[in-house]
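Start from chain A and add chain B according to the hints.
Residue strings, one per chain:
2 protein chains.
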Amino acid sequence: MKIQNAEKVPVSAVEGQGAEGVRIRWLIGKDDGAPNFYMRLFTVAPGGHTPLHSHKWEHEVYILAGQGVVRTADGRTAVAAGDVVFVTGGELHQFANVGGAELKFLCLVPKTAT
Amino acid sequence: MKIQNAEKVPVSAVEGQGAEGVRIRWLIGKDDGAPNFYMRLFTVAPGGHTPLHSHKWEHEVYILAGQGVVRTADGRTAVAAGDVVFVTGGELHQFANVGGAELKFLCLVPKTAT
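Line order of the protein sequences matches chains A and B.
272 is the number of the first residue of the first sequence in our numbering; add one for each residue after it.
272 is the number of the first residue of the second sequence in our numbering; add one for each residue after it.
For reference, chain A alone in the conformation it holds in the complex:
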């Protein structure tokens, strides 16, 4: 059993692929012995965004705070706290902060993503 406040987990910048203002905390990961999937907390600064990309693994996302837009091949959808986003493998996707405060969301990936 591991119990920890998310804010106390070490944070690092996400760089490359056009990411801007993005930070990540690995809340539950390989080092915890998680056997199947990993939980990460992303924060995106106002005006920032994750890479616009696709990959073979899925994302399971829960928006915690802020005002975001999810961009896909089909367009853009506004998201806010309490919204759930399931990005299937192979889908183009990007999360952008369009508000004035931090955008915060959980994003879980299968172990095979890393």
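Don't read these hints as lab results, they were simulated from the structure.
Source: prediction; values computed, not measured.
One thing to keep in mind: the hints can contain errors.
Since the list can't tell identical chains apart, any single copy or any two copies may satisfy a pair.
To be verified - Cut-off 20 Å, straight-line C-alpha distance, at most; resulting in silico cross-link-like pairs (SDA-like, lysine to any residue):
#1 LYS301 <-> VAL380
#2 LYS327 <-> ARG311
#3 LYS273 <-> ASP302
#4 LYS375 <-> ALA336
#5 LYS273 <-> ALA336
#6 LYS327 <-> THR343
#7 LYS273 <-> LEU363
#8 LYS327 <-> MET272
#9 LYS273 <-> VAL340
#10 LYS273 <-> ALA352
#11 LYS375 <-> ALA352
#12 LYS273 <-> GLY346
#13 LYS279 <-> ARG311
#14 LYS273 <-> LEU323
#15 LYS279 <-> ALA351
#16 LYS382 <-> GLY300
#17 LYS273 <-> TRP328
#18 LYS273 <-> HIS326
#19 LYS382 <-> PRO306
Frame of chain A, contents of chain B only:
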């Protein structure tokens, strides 16, 4: 891609094994074609609790709101919004609401749990 507010996902009561005041929403599950793991939102009414039990699969939990206590074989730990709980396979565990408002948390499980 699926984008939906969590509150709009159908809710059902969790019954049996001593559960009290517990409701579940399957935010991302089998019906969405999730290939590896599933995201559920639990709400526990004041005074309520999940079963005190163990099973072979893990839980990856993020507390969204309320005042809770996690009970294990080793004792009890208070949890609140922003806390992360990793329950490994085989560990005895229970989530109880010790506050005056709803306890809300995400709890993700591997596909093999169901």
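Status of each hint after checking the structure:
1. LYS301 <-> VAL380: both (12 Å within a copy, 16 Å between copies)
2. LYS327 <-> ARG311: within (18 Å within a copy, 23 Å between copies)
3. LYS273 <-> ASP302: within (11 Å within a copy, 30 Å between copies)
4. LYS375 <-> ALA336: This pair counts as both: shortest intra-copy Cα distance 5 Å, inter-copy 15 Å.
5. LYS273 <-> ALA336: between (24 Å within a copy, 19 Å between copies)
6. LYS327 <-> THR343: For LYS327 and THR343, the Cα distance is within 20 Å only inside one copy (15 Å; across copies 37 Å).
7. LYS273 <-> LEU363: So LYS273 and LEU363 pass the 20 Å test across copies only (13 Å; inside, 34 Å).
8. LYS327 <-> MET272: Between copies only: 14 Å across chains, 31 Å inside a chain, cut-off 20 Å.
9. LYS273 <-> VAL340: between (32 Å within a copy, 14 Å between copies)
10. LYS273 <-> ALA352: between (25 Å within a copy, 16 Å between copies)
11. LYS375 <-> ALA352: Result: close both inside a copy and across copies, 9 Å intra and 13 Å inter.
12. LYS273 <-> GLY346: Answer is between; shortest inter-copy Cα gap is 13 Å, intra-copy 39 Å.
13. LYS279 <-> ARG311: within (13 Å within a copy, 24 Å between copies)
14. LYS273 <-> LEU323: between (33 Å within a copy, 17 Å between copies)
15. LYS279 <-> ALA351: between (24 Å within a copy, 14 Å between copies)
16. LYS382 <-> GLY300: both (9 Å within a copy, 17 Å between copies)
17. LYS273 <-> TRP328: between (26 Å within a copy, 15 Å between copies)
18. LYS273 <-> HIS326: between (30 Å within a copy, 17 Å between copies)
19. LYS382 <-> PRO306: Answer is both; intra-copy 7 Å and inter-copy 12 Å each pass.
Checked against the numbered hints above, the structure violates none of them.
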